[in-house]
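Residue numbers (my numbering): 27 to 112.
None of these hints come from the bench; they were simulated from the model. Possibly wrong hints are sitting among the right ones.
[Claimed, not checked] Listed next, the in silico DSS-like pairs over lysine-lysine satisfying Cα-Cα at most 30 Å (straight line):
no. : residue 1 : residue 2
1   : LYS67     : LYS90
2   : LYS90     : LYS108
3   : LYS58     : LYS107
4   : LYS107    : LYS97
5   : LYS58     : LYS72
6   : LYS58     : LYS97
7   : LYS107    : LYS72
8   : LYS34     : LYS90
9   : LYS67     : LYS97
10  : LYS108    : LYS34
11  : LYS108    : LYS97
12  : LYS34     : LYS58
13  : LYS108    : LYS67
14  : LYS67     : LYS34
It should be emphasised that the depicted structure is a prediction, and the values quoted were computed from it without experimental measurement.
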Amino acid sequence: MSSESEVKECLQRALDPSVLIVNDVSDGCGAKFEIVVVSEKFQGIKLLERHRMVQGSLGDVMGKIHALTIKSWTADQWESKKSQYN
């Protein structure tokens, strides 16, 4: 299965996020992840396409993941939501 560090590395390389939170929510087996990614690359991009960008960034790792919860925001959107993650 996948590790949090593997997922983070893929997303960091592809999306250059200002905020990246990756949590393995599968009790350690690496099959389910919750991801919060804030990137200016999402500016002007619709939600579905943002999710496709995240999934595409994971490459071969995506094939090992059973479930993925994605929050993909621009920096402006993050400002109104970040208090939920502190």
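Verification of the supplied hints:
1. LYS67 <-> LYS90: Judged against 30 Å, a Cα distance of about 25 Å means the pair holds.
2. LYS90 <-> LYS108: holds, 29 Å
3. LYS58 <-> LYS107: holds, 23 Å
4. LYS107 <-> LYS97: Distance of about 10 Å is within 30 Å: holds.
5. LYS58 <-> LYS72: holds, 24 Å
6. LYS58 <-> LYS97: holds, 14 Å
7. LYS107 <-> LYS72: Holds, because 18 Å separates the two Cα atoms, which is no more than 30 Å.
8. LYS34 <-> LYS90: holds, 14 Å
9. LYS67 <-> LYS97: Between LYS67 and LYS97 the Cα gap is close to 14 Å, so the pair holds against 30 Å.
10. LYS108 <-> LYS34: Cα-Cα ~19 Å, so holds.
11. LYS108 <-> LYS97: It holds: about 11 Å lies between the C-alpha atoms, which stays within 30 Å.
12. LYS34 <-> LYS58: Roughly 14 Å between the alpha carbons, so the hint for LYS34 and LYS58 holds.
13. LYS108 <-> LYS67: holds, 18 Å
14. LYS67 <-> LYS34: holds, 16 Å
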